[in-house]
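J.: Sequence:
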Amino acid sequence: MILTDDLSEQERTLLELTATPAATLLGAVSMILRTTLFSEDPAAWVDMWQARPDLARIEWMDGPELADVVAHLAAKDYEGTIEGVPGLRITSYDDHNAKMHWLGAPTPVTLHLTRQLS
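Basically the numbering used here = 1-based index in the sequence shown + 29.
By construction, these hints were calculated from the structure, which means they are not laboratory data.
Source: prediction; values computed, not measured.
Heads up, the beta-carbon is just placed ideally off N, CA and C, and yes, glycines get one too.
All the given hints hold, so there is nothing to weed out.
The list that follows gives simulated cross-link-like pairs (lysine to aspartate or glutamate, EDC-like), each with its CA atoms no further than 16 Å apart:
| hint | residue 1 | residue 2 |
| --- | --- | --- |
| 1 | Lys128 | Asp97 |
| 2 | Lys128 | Glu88 |
| 3 | Lys128 | Glu94 |
| 4 | Lys128 | Asp83 |
Cβ pair distances, simulated, as ranges:
| hint | residue 1 | residue 2 | range |
| --- | --- | --- | --- |
| 5 | Gly133 | Phe67 | 19 to 27 Å |
| 6 | Asp123 | Arg41 | 37 to 45 Å |
| 7 | His141 | Thr47 | 17 to 25 Å |
| 8 | Gly109 | Asp34 | 37 to 45 Å |
| 9 | Lys105 | Leu36 | 36 to 44 Å |
| 10 | Lys105 | Asn126 | 18 to 26 Å |
| 11 | Glu69 | Gly109 | 24 to 32 Å |
Taking the hints into account, I'd like the entire structure generated from these sequences.
T.: Written out as structure tokens, the structure is:
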């Protein structure tokens, strides 16, 4: 079957389900983490997904410490230059789990981060 230049009804439905604020956040996070999670001490595996339009998760095994990832992702203003994900705020974290909120969508998106040890 050859698809035309127009979106089919199935494609529109799928886009509505997948092109969500949580997916946008995961894209921004993955752009920043593409070097962090795969650097000198790479993660053994990484998984990212959206559970709902306002909830996203990232899990990885080994690799960088959770505190380093949270610090890398959180928005920071260095003399007028924003680093990290604009609008991403730390809510809570410990050695293995973190919760962050992204204020870049009409409804805030919760991001859960989990680092597991092998």
